[in-house]
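Participant: Given chain A's structure and the hints, the job is docking chains B, C, D, E and F with the ligands onto it.
Residue numbers (the working numbering), protein chains in the order written: chain A, 1 to 414; chain B, 1 to 414; chain C, 1 to 414; chain D, 1 to 112; chain E, 1 to 112; chain F, 1 to 112.
Keep in mind that the hints were calculated from the coordinates and are not lab data.
Computed from a prediction, not measured in an experiment: that's the story for all the values here.
The hints are all genuine.
Cross-link-like lysine-lysine pairs, in silico, BS3-like; alpha carbons within 30 angstroms at most:
hint, chain 1, residue 1, chain 2, residue 2
1, E, Lys109, E, Lys3
2, E, Lys109, F, Lys3
3, D, Lys26, D, Lys2
4, D, Lys2, E, Lys26
5, F, Lys2, E, Lys2
6, F, Lys3, D, Lys2
7, D, Lys3, F, Lys2
8, D, Lys26, D, Lys82
9, D, Lys109, D, Lys3
10, E, Lys26, E, Lys109
11, F, Lys2, D, Lys26
12, D, Lys2, D, Lys109
13, E, Lys2, F, Lys82
14, F, Lys109, E, Lys2
15, B, Lys375, B, Lys306
16, F, Lys82, F, Lys26
17, E, Lys26, E, Lys82
18, A, Lys372, A, Lys306
19, F, Lys82, E, Lys26
20, D, Lys2, E, Lys109
21, D, Lys3, E, Lys3
22, F, Lys3, D, Lys26
23, D, Lys26, E, Lys82
24, F, Lys2, E, Lys26
25, F, Lys3, D, Lys109
26, C, Lys306, C, Lys372
27, D, Lys82, D, Lys3
28, E, Lys3, D, Lys2
29, E, Lys3, F, Lys109
30, D, Lys109, E, Lys82
31, F, Lys2, F, Lys82
These are the residues of each chain, in order.
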Amino acid sequence: MTEMAIDTIWVLLASFLVFLMHAGFTMVETGFTRAKNAGNIIMKNFMGYSSGCIVYTIAGFAVMFGVTRGGLFGADGFLARGEFAHLGLLVPLPAFLIFQTVFAATAATIVSGAMAERTRFGAYLVYNVGITAFIYPVVGHWVWGGGWLAQIGFIDFAGSTVVHSVGGWAALTGAWILGPRIGKFSADGSPNAIPGHNIVLGALGVFILWFGWFGFNPGSTLSGLDLTIAQIALNTNISAAAGAVMAMAFSWLRYGRPDVGLTLNGALAGLVGITAGCAVVDLAASVLIGAGAGILIILGVEFIEKVLRVDDPVGAVAVHGVCGVYGTLMVGLFATEGGLFYGGGTGLLLVQAAGVLAVAAWTVPTAYLLFKAIKATVGLRVPAREEEEGLDLGEHGIEAYADFVKRNTQPLAG
Amino acid sequence: MTEMAIDTIWVLLASFLVFLMHAGFTMVETGFTRAKNAGNIIMKNFMGYSSGCIVYTIAGFAVMFGVTRGGLFGADGFLARGEFAHLGLLVPLPAFLIFQTVFAATAATIVSGAMAERTRFGAYLVYNVGITAFIYPVVGHWVWGGGWLAQIGFIDFAGSTVVHSVGGWAALTGAWILGPRIGKFSADGSPNAIPGHNIVLGALGVFILWFGWFGFNPGSTLSGLDLTIAQIALNTNISAAAGAVMAMAFSWLRYGRPDVGLTLNGALAGLVGITAGCAVVDLAASVLIGAGAGILIILGVEFIEKVLRVDDPVGAVAVHGVCGVYGTLMVGLFATEGGLFYGGGTGLLLVQAAGVLAVAAWTVPTAYLLFKAIKATVGLRVPAREEEEGLDLGEHGIEAYADFVKRNTQPLAG
Amino acid sequence: MTEMAIDTIWVLLASFLVFLMHAGFTMVETGFTRAKNAGNIIMKNFMGYSSGCIVYTIAGFAVMFGVTRGGLFGADGFLARGEFAHLGLLVPLPAFLIFQTVFAATAATIVSGAMAERTRFGAYLVYNVGITAFIYPVVGHWVWGGGWLAQIGFIDFAGSTVVHSVGGWAALTGAWILGPRIGKFSADGSPNAIPGHNIVLGALGVFILWFGWFGFNPGSTLSGLDLTIAQIALNTNISAAAGAVMAMAFSWLRYGRPDVGLTLNGALAGLVGITAGCAVVDLAASVLIGAGAGILIILGVEFIEKVLRVDDPVGAVAVHGVCGVYGTLMVGLFATEGGLFYGGGTGLLLVQAAGVLAVAAWTVPTAYLLFKAIKATVGLRVPAREEEEGLDLGEHGIEAYADFVKRNTQPLAG
Amino acid sequence: MKKITCIIRPAKLEAVKERLGREGVKGMTVTHVIGCGLQQGRTAQYRGNVYVVNLLPKVKIEMVVEAERVEAIIDLIIREAKTGEIGDGKIFVSPVEDAVRIRTGERGKNAL
Amino acid sequence: MKKITCIIRPAKLEAVKERLGREGVKGMTVTHVIGCGLQQGRTAQYRGNVYVVNLLPKVKIEMVVEAERVEAIIDLIIREAKTGEIGDGKIFVSPVEDAVRIRTGERGKNAL
Amino acid sequence: MKKITCIIRPAKLEAVKERLGREGVKGMTVTHVIGCGLQQGRTAQYRGNVYVVNLLPKVKIEMVVEAERVEAIIDLIIREAKTGEIGDGKIFVSPVEDAVRIRTGERGKNAL
Ligand SMILES: Nc1ncnc2c1ncn2[C@@H]1O[C@H](COP(=O)(O)OP(=O)(O)O)[C@@H](O)[C@H]1O
Ligand SMILES: Nc1ncnc2c1ncn2[C@@H]1O[C@H](COP(=O)(O)OP(=O)(O)O)[C@@H](O)[C@H]1O
Ligand SMILES: Nc1ncnc2c1ncn2[C@@H]1O[C@H](COP(=O)(O)OP(=O)(O)O)[C@@H](O)[C@H]1O
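Excised from the complex, chain A in its bound form (with noise of 0.2 angstroms):
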């Protein structure tokens, strides 16, 4: 009785914690895209979270936690209805459910980063129950609800790879098909800066989310009586830490002057990259794999715009993506049981490698054709004129910031 309050607390709790990352999300959004857009950042991430948790409910959770059918995904339970004792839980089926259905929400939520500023409202709609009713808890069952990659002995404890690189991978194919924004890139090619509209605001929603991280990465034990808790906070903390002090440094050496959106963006890296190996890594391991994390990013920033010319505003795929599998495949090497550097050889290492690349090879294509099919249906992108005015007054009818002088103009290549 006693432990299991004690669990249910802890699982509660975290599980507001990581609710409020959508908050976090949501800020770092908007700062970071135009003040014309601010309306409708909220609303696809507000609706993102709300209807997502209807989804999930509905359908989802039936998905990732049924009783596997051949590891490949569950079938029974749907509308939350059903015992799920094969899940033999430490806690009542509810503490759970909130747990799991504000995770799914977030894979969800990353998305909507990489596609700002010029994707129809009823699109992202439709998209989000795509990936929360389906595609996202797939992968969930391969790897928590006992599937495939569970019983190879794959290692993602809070998911660096369910929740953040399915939602990069899912970004990722999102942008590309949908293209960039208007004034994005030069008629050579060379990417343009769109600064955002509101840095202060992307600050906080980082912080935010660092502290939602709390109860994503420690909160995934699913019972306060684990003590490793303490150590995965730990782990957490400093990796972000040391992903926000290397990518500042990293930005310094390279552009000159300490940068700061990918300052910022460096703590998520951190936060990201940990999050496969909280759990089983130590803290210097967690000080290395920040560090990486924050140099990463900014290569990965760069690599998405200069190379594969992928328009992403806030950087959601270099986050949440390639530091997803970056984090995953570290867990290959920095694991104190079975990492390559702590003399476990490679066979961990491998099946880290391999989950990442099945989670890639399900989610690119399931996102593509769900893209390809809103695109022919619904319509995936707003009209040119409407994307110069602002999808606040075209898609709501709004001003998000009615009593202030605004510019709307966009910066000139220097």
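Facilitator: Chains B, C, D, E and F with the ligands alone, transformed into the frame defined by chain A:
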């Protein structure tokens, strides 16, 4: 010992979350009103909470939880002195007191939104004493202090009626006595849009409120050992989500575009709606209650504005008043034990209706007298010139956004 | 096992709350300064926390909690290696470490506000290493690491002195060496108003800080089984409330209108003031301590500006320094065991005064040397032209609010 | 061709604009300005330091019109923007030598 | 000396400015304005109440130049700012009698 | 009647305004503008992409005054706004044909 620690931690953490709701209220209210009044709105909320804590500790707590005088009110334990042994608390008295304090301030603060942009600061302070020391605690006594409503079986688990509809009724009374903002209604009585100045802040506020509600509802068990906290959290979340989704859909249907402000209100409507019944209804009922609230909020806003012609800048009356009443009545329909739809007959429904009426019959007249007394003494409304220039300059001599070029214009009805 | 889990959960949650205070500090500081420096202020706070975590883990923790060398400092356990068995912890070491880390970063970040809008970014980073690795941990050792102040009975439960006055003294020293912002003082030495650019952000920051303080003070029991956490939370809240109310009233009296910025500072003053004594005073004393702090903060701001002629843009010295000292002394008066007003004689009061003086005598000279060394090497202050244009452009090459038309003017003294 | 510049209270913008629109003034350009004149400023305070806010928010409307319409437009503006209290604002008339419509290249009166 | 005032789409500011810079127009002053003309406004809604946003964001560029450069500059502006759709904006030319460079006190053409 | 338009550094606004006020220039209208001239712009960066901020914040003061006061006012502005470094700004003088005080309907010099 361990048990009491678990309960104490739970109650304290819930109190902290409810505390944070005041940040949420402040952001929502500020964002949904004009830039020229932002500093005043902050002051009202901030002082409402701060002075409310003092007043409730001195007087309100005694009225609410002192030994009952005929089921009507308590009258001992002023200054928070006394044992309050009759409450049979599972937690130390200070834990119970802080939880009740943050609740009390919530009821008080609701009014501030409805009376925004035209109320004298001093008048607001006086009002705040009245509701925190007396109006709210009496209702609280009836329902949670062992008073007559508790005795006849009235169910308001976390305060749809006790907190929200008390706030809503007082808000309606206040806004009505105060009169509309200059320019809100045309000569022919039709309402005009007065857009809020920062929708992003409004959204942040709603996220924070939602987060805080996880303290408000699950915390109302006053025990972490009571494992219904998991179901309560789940119900709370899904009702908010359903409220947001339905408000989005209904506003789209009704106004041709999904409205950002009303969607945000929809989530709050769902939260207020489920507050009474969160511990006695099931998941499906929570979805239905939330969805209904999401529609009701939009009709409520229209009713108050177009029929009653009361100017409520942030929709406080519709969110807290209308949905508070609605949520309380829904318990009579959906309670798994005693609800009409669950075979319980109309008994509970009638009790719920009686409670709703009694609380209205108490709150409206006392709030009326309070506001009239303030009007006759310190004065309720700022001069027209000050209202036009903004209360920030008039009441506090500040500019909230000193570095930005502002508009200060008002849109024309379409 | 259950006991340790409860304590661990409590310490971790408290750490998370304290972490969030950094978002609060960032918002307060950004809001109370000018738009042209917003990005720089974010970077300072964000990097202060991030690099502070690394530095404290490597060095500060060992200095603070290593086995004492004559009561003066610790010197083992660098890189967080070691058992720290002498601490007799009830929680796993990582839980203790993360709690101490977020605390350490708090002391460091206070300085950033006082030195805002004119300090070189690189200089700030160097300062941050100095205070986190050395200046703060030594004081921490004296009081919480079993050092000489602990041995003579000095009481500073959660750090009015250890955290806040250390930050305050360093802030005073830094702001004084740095000199005032251009335009802050007229030729005749009279101070001018330089209004902050976003009072709403400032308010949000104060709410977040208040919320985080519920981790700072109650969390300092380091045990959830210690039921004084309830009284501590209650005291903390009421002191903040009293501080806000008194600052509001006193500013009204003194300047003719209730001042928004000073009222917000008043709540922080109440929080800083109660931090030392929150576990050893009663509710009534908490109200008095908070109320006194609310007045003191206003006199403190005036004293620092008008008498010392030091430019402290956000009032950090008055809030953390002055009220930190004040709160520590109040323990000597109000401690229910040993306080002068509770029949304990002057013994404790003298010990408290000794502690206050010792900490000042340590912090001011070391901070002085640190800042002088920075000035002589990397340089402390940005060029005047950069200060005028804003540090965002100069230090980081960004515009924090790219889409808004800004003023960039400075008001004239009235 | 003349340019009429009027500086009015922000609250009057919509009324003036709508009235001018009804009378056939189709094009105008609006700027959010701050201004001072006979109208007294306000004192503000920040953390105990008093300062003067004597540039108050106004709205500037500029419209280039045919010379013969100037008087009629001045009348309309006065009718809509006047409250009778200090701070109502000013109207200035100044010469314009040419106008061009960017979209078509039309010049002079046709471009208005 | 003449003042050329052009009101253009915000998105065209950088292109126009850059082109003018290349052609030797060094000095200009830019204001963020809102304007209406033939271009239709938009309807907006707030909590169920509809209102009209018929003042759309534009950018006003003012530059004082020697009289003989006016025609060339007008041509350049048209070339860069024209999209052919309603809302492209206007150019106005008006007389300026004197110019002063604050830094040096130079007057007239030398001050430009 | 003449209109004096000066574009100055934002930091100089209060000093210029106060000085003009003392010399009897009661009315003026101020706009926050951005401008470029001889003064170099700055490079900014956003997520690794460099861009140019060459329109720097300036303040534009417009005041309509009697013709005979123009020279005196120009002198005052120069005195207060000059730093001697590039970017100090410009003063332009242009003709105004009429002025109206909205509140009273007064015309011409009486309206200033
Ligand atoms: N001589 C002037 N030149 C330019 N603008 C002026 C002048 N006089 C007044 N204004 C503008 O008109 C506004 C209203 O003027 P004011 O003197 O306060 O009111 P009134 O016109 O009713 O006497 C001022 O805020 C300023 O923007
Ligand atoms: N007569 C005028 N006086 C001042 N500004 C004008 C005038 N006519 C148009 N404008 C400005 O030019 C902008 C574009 O004009 P509009 O008539 O919409 O497009 P077009 O020039 O393509 O017909 C308007 O928004 C307004 O700011
Ligand atoms: N020809 C011009 N027409 C309009 N505005 C100008 C002109 N030349 C300069 N300006 C304005 O004056 C400001 C200062 O000019 P700049 O050439 O940088 O300095 P200086 O006048 O000291 O040489 C510019 O930013 C611009 O706003």
